[in-house]
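A.B. asks: Construct the entire structure; sequences and hints are all you get.
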Amino acid sequence: MTGYIVRRLLTTIPVLLGITFIVFAMVSLAPGDAISLMLGSETANVANVERLRRELGLDLPWYEQYLRYMKGLLTGDMGRSITYKRPVVDMIRERFNNTLILAASSTLFALVISLPLGIAAAYQRRSWIDYGASTLAMLGVSLPSFYLGLLLIIVFGLNLGWLPIRGMASRSASLGTYIRHLILPSVTLGSGLAGILTRLTRSSVLEALSQDYVRTARAKGVGERKVLYKHALRNALLPVTTTFGLQFGGLLGGAAIIETIFSWPGVGMLAVNAVKQRDIPLIQGTTLVFALGFVLVTLVVDILYVAIDPRIRYE
Amino acid sequence: MSRDMSREEKTARSELAHLVKVFLRHRLGVVGLVMLSCFVLAAVFAPVVAPYDPLEMDLLNPFAPPGSPGHLLGTDNYGRDILSRLIHGSRISLLIGIVAVTIAAVLGSCLGLLAGYYGGWVDALVMRLVEVFYAFPFLILVIGVMAVLGPSIYNVMIVLGVVSWPLYARLVRAQVMALKSEDFVKAATAMGLSDARIMFRHILPNVLTPVIVSATLGIPGAILSSAALGFLGFGVQPPWPEWGAMVSEAKDFMLIDSNMIIWPGMCVFLVVLSFNFVGDAVRDALDPRLAKQLH
Amino acid sequence: MSRRLLLAVVATLLVSLVALPATGVMQSPQKGGILRIAATTIQQLDPYKTAANDETNVIGLVFDPLVIIGKDGFEAKPHLAESWERPDDYTWIFHLRKGVYFQEGNAVFPKGARREVTADDVVYSINRFMNVSTAFTIGEVDEVKALDRYTVQITTPVPNPFLVDDPNRLASVGIVPKEAVEKLGEDGFAMNPIGSGPFILKSFAPDQSVVLERNPDYWLPVYLDGVEFVVIPDPTVQTMALTAGEVDVVPYIFNVDAMATLSRNPRLQMLSRGGSYRGIGFNVTTPPFDEFAVRDAISKAVDIDAAFNAVVAPHGERAYGQCPPWVPHGYDPSLKEIWKYDPKEAVEILNAAGFRDTNGDGILDRNGQPLKVEIKTTPGSQIRVLTILATQLRQIGIDASVLQQDVAVWADDVINGNTGVFFDLSFAGATGLHSLFHSSVIGMTNGHYYSNPEVDSLLDQALSTTDPEAIASNWKQAQRKIMEDRAALPLYFEWAYAIVSDKVHDFVPAWGGLHLVSLENNVWLSR
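Which chain is which? The protein sequence lines are A, B and C, in order. Quick note: the first sequence uses the numbering used here, first residue 3, plus one each step. Quick note: the second sequence uses the numbering used here, first residue 14, plus one each step. Quick note: the third sequence uses the numbering used here, first residue 386, plus one each step.
Calculated from the structure, these hints are not laboratory results. A hint or two may mislead.
Unchecked claim - Below, a list of computed lysine-lysine pairs in the DSBU-like style, where the Cα atoms sit at most 30 Å apart:
hint : chain 1 : residue 1 : chain 2 : residue 2
1    : C       : Lys-888   : C       : Lys-729
2    : A       : Lys-87    : C       : Lys-568
3    : C       : Lys-587   : C       : Lys-416
4    : C       : Lys-456   : C       : Lys-416
5    : C       : Lys-587   : A       : Lys-87
6    : C       : Lys-587   : C       : Lys-757
7    : A       : Lys-73    : C       : Lys-568
8    : B       : Lys-264   : C       : Lys-888
9    : C       : Lys-866   : C       : Lys-888
10   : C       : Lys-888   : C       : Lys-462
11   : C       : Lys-725   : C       : Lys-866
12   : C       : Lys-563   : A       : Lys-87
C.D. replies: Next comes the structure, spelled out in structure tokens:
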């Protein structure tokens, strides 16, 4: 098992290298840069801006910039944001937890909704539960998250005034306030995943229920509850786990939109702003962190897979 | 040979008839198909159906509520007819969805074909590339590439296409690897046919069906992404009536008039929903085992 | 001038509305309360490393500058400097206020440190500002020197008439203590700013919140217990938060459309101060816009009044030149006579220049090239105005469109001359004409690539004299010349607004930094 994890970690290195390279090439090719933005201001101090450009190495050819960047990365230095004049590492560190909290609570929301719903739907096939679950799942999958978010803001924030429509609660706020701030963004971000997982849970449970071992268990007089939990569910969870891993990237990307709508101070919003301002080090840093997060989650999912499925052993 | 062909044709035809039958049994699939047809008709005949020019402003009549005389869904902040904009917007969204997925499918299939057929370092290279692309959160990558190319409707198509190819590459690669050991490929190789001929004339037609099915299923995703890009300001630019961009514009007027926000978002939702309904039905039709379970 | 007077009257009216409650009885200031101000982004608080309005606002409360731009009119008023004089055109002497101390109870100055702000601190600060700031410049400076403990002298190689009155020059240099920068380091200081201002930083979470509390030792009474900046990136959500009572102040309104709704809310005050120039700029070196006829025809083909009335009015004023009403030395409403809306004549001019619709597609062309106008712009309310103008251009057969760009790309294109027609924006009233049209700054701030020796010399003369009459006459002549050349098509001045809850009293919108406590105003909250 340890060997497997180490091997998996090693294979992510070329992937991450590839990502840094693609991002760097992408941003170098992109029109516009943050320095021009400064120079364009009518009040700019041109001499100081040019000095900043040299200090940041932005006058070097792109491959030298890339080497410089990679060298820094090895020592945990992701460069300085051009726009905000702060170390990128600090900026990401401040916001990383916020994105993680949002992603986790969205996932939690998705799981809490989808697993029971999917199982119930499969178990009571063609009942009103089944149709209801399918409809809800379809809604979740088809609703654009930015639209859902705005609708929730209009209904629950503006018209009913039940929930706060923006931002995180401050650090000193009570747990209740904190959770209230989390509800709308998490529901918005998690609804798509909830839809996908509901459908998947339903079909995997259905498939598991039709397998021979379930029939055998039933024939042997094993109680329905036990059949469901012990046999059907365990096998049904495998595809759900894998899909979840694959969907997590979508969740992170979606965070960029949701954070922008709900003023959630996370890495996603930072990334979107960085792109708008062509803040190269910041784009690099945020993208890398997203990719790293995704790669790690995939790894965890793979390990979970082993834990759930007794038939697979990694030597 | 010719007798074989006709038999194949016959089975193909009856298979198709069966598929249609299964599809039609799927009630939501039919609903989806009807909805989708409406959107497609609206898109094709947009200039005829739309009551106004989607860019025509009536500055004296902004924020007209739905049901105002002459404006079924009201007007936006420039006094433009919302319904007309939505109808023309269906052109943009459907076009982006279809073209983007086509680009992705063509690109991915070619790379998958090469990887699967040649194996070795070609395969390794393509698969590493696939991994890198998979490791990117999709939307972040798309935003990045849009920044490089600059926002325009064509770039949205290109970017969504270029970024979604790995799915098809994987699919085709797996199929090709399986087919390589089949007799007809071995025979073609033995006959000394060129690699290109074997790949494109003999192998490709056999992997086309799953590619086309997953491409169709990929269209709603592409439409959602293009709307999200439009919403974030990285996609189709105003004044063009792209639905996502319309929601983004409407957001600034949320306090004044929520009518502007409701409709374009609803359109994205309905198009994606109808695609998903149809997709479900097609999947059921193609997967007899699952279909049997459902009915 | 009458416009300026009107503005002053309106401003005074607004201010008196604030001071006088419905009963008409003057309320006396109450102590206490936390003022909550909305902000878009706050990343760091080094006063010299920012151009962002929100950071500048926080900085204005933590640090004291030598001068503050007065709330009526736009002239410098004493702050840390009690007075100043100009013995000659090249020398400024500032006399500092005595008994002002840097904030205490932090890592640098313990309680009771009694570290007085002296001339050495001013010298250090101005030098550091000149070395560090990328966003602002105070103009050319030969030397900054302390004449004694409370006197500072600044000498300049050329006269610097705007040194104190321009909100982006000396008024934006908050005085910093050398020890703090050295002890905390550049990055540390940006997170833990220490100044002599009325509020002390209590906590700072970048892009979330900044909490300030009253400086008990300040040289003026401070009514508020503290100030909290609440980061809300979306401007629409900021106004919602204000309506919902989650914040008390939205310091800048970027969406003129929101004004209509907000102005109906009796619990809110709209305070206007200054604003920005918005126009259409031409790159006069890009064909076909290098031809006067084309630029002139475009200026005649658009009904700017209609667009302005549909989108901006009453929250702005039509512009006929670049200098806004609050820049008395350049504001010239008489320029109105050089502009004309006459689409017929526009077509005639274009026809005479060889543009005709030869292929019947409804677009004028010449030598097989259609006449294309792509207006590059940043996102914002101006898009609506530009869209209307583009529609009008299409009506006379010009293939016109609006291209919305990310701000960094737009800036890059404008600076590098990669434009034909672009959205022209200027906040710097006093020296904006020089930044936008002087040939020495082509490729930097002059995106028009406009080079006219006559204009250069007029601007140079204006910037090297101290005679207000000479400044005004040179400035206005230069402006008229530029406009007659159609290097730009002025559209309108958009007022800048701060929206403030009716609980807040004596609030003055930011102009070169936000100041809640000064010799001119002292903000307090009614309960």
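A.B. asks: Each of the hints needs a verdict: does it hold here or not?
C.D. replies: Taking the hints in turn, this is what the structure says about them:
1. The straight-line distance between the Cα atoms of C/Lys-888 and C/Lys-729 is roughly 54 Å, outside the 30 Å bound, and the hint therefore fails.
2. Between A/Lys-87 and C/Lys-568, the direct Cα distance comes to roughly 19 Å. Compliance with the 30 Å bound is thereby established for this hinted pair.
3. For the hint linking C/Lys-587 to C/Lys-416, the alpha-carbon distance of about 19 Å falls within 30 Å, and the restraint holds.
4. For the hint pairing C/Lys-456 with C/Lys-416, the CA-to-CA distance comes to about 23 Å; that is within 30 Å, so the pair holds.
5. Of the supplied pair hints, the one linking C/Lys-587 and A/Lys-87 holds, its CA atoms being roughly 22 Å apart against a limit of 30 Å.
6. Proposed proximity of C/Lys-587 and C/Lys-757 is contradicted: the alpha carbons are some 55 Å apart, above 30 Å.
7. Under the criterion of a C-alpha separation no larger than 30 Å, the hint pairing A/Lys-73 with C/Lys-568 is consistent with the structure, at around 29 Å.
8. About 28 Å separates the Cα atoms of B/Lys-264 and C/Lys-888, which keeps this hinted pair within 30 Å; it holds.
9. Between C/Lys-866 and C/Lys-888 the CA atoms are separated by roughly 48 Å; this puts the pair beyond 30 Å, and the hint is violated.
10. As the CA atoms of C/Lys-888 and C/Lys-462 are separated by approximately 27 Å, the hinted pair is consistent with the 30 Å bound.
11. Under the criterion of a C-alpha separation no larger than 30 Å, the hint pairing C/Lys-725 with C/Lys-866 is consistent with the structure, at around 16 Å.
12. The suggested pairing of C/Lys-563 with A/Lys-87 holds, with an alpha-carbon distance near 20 Å, which does not exceed 30 Å.
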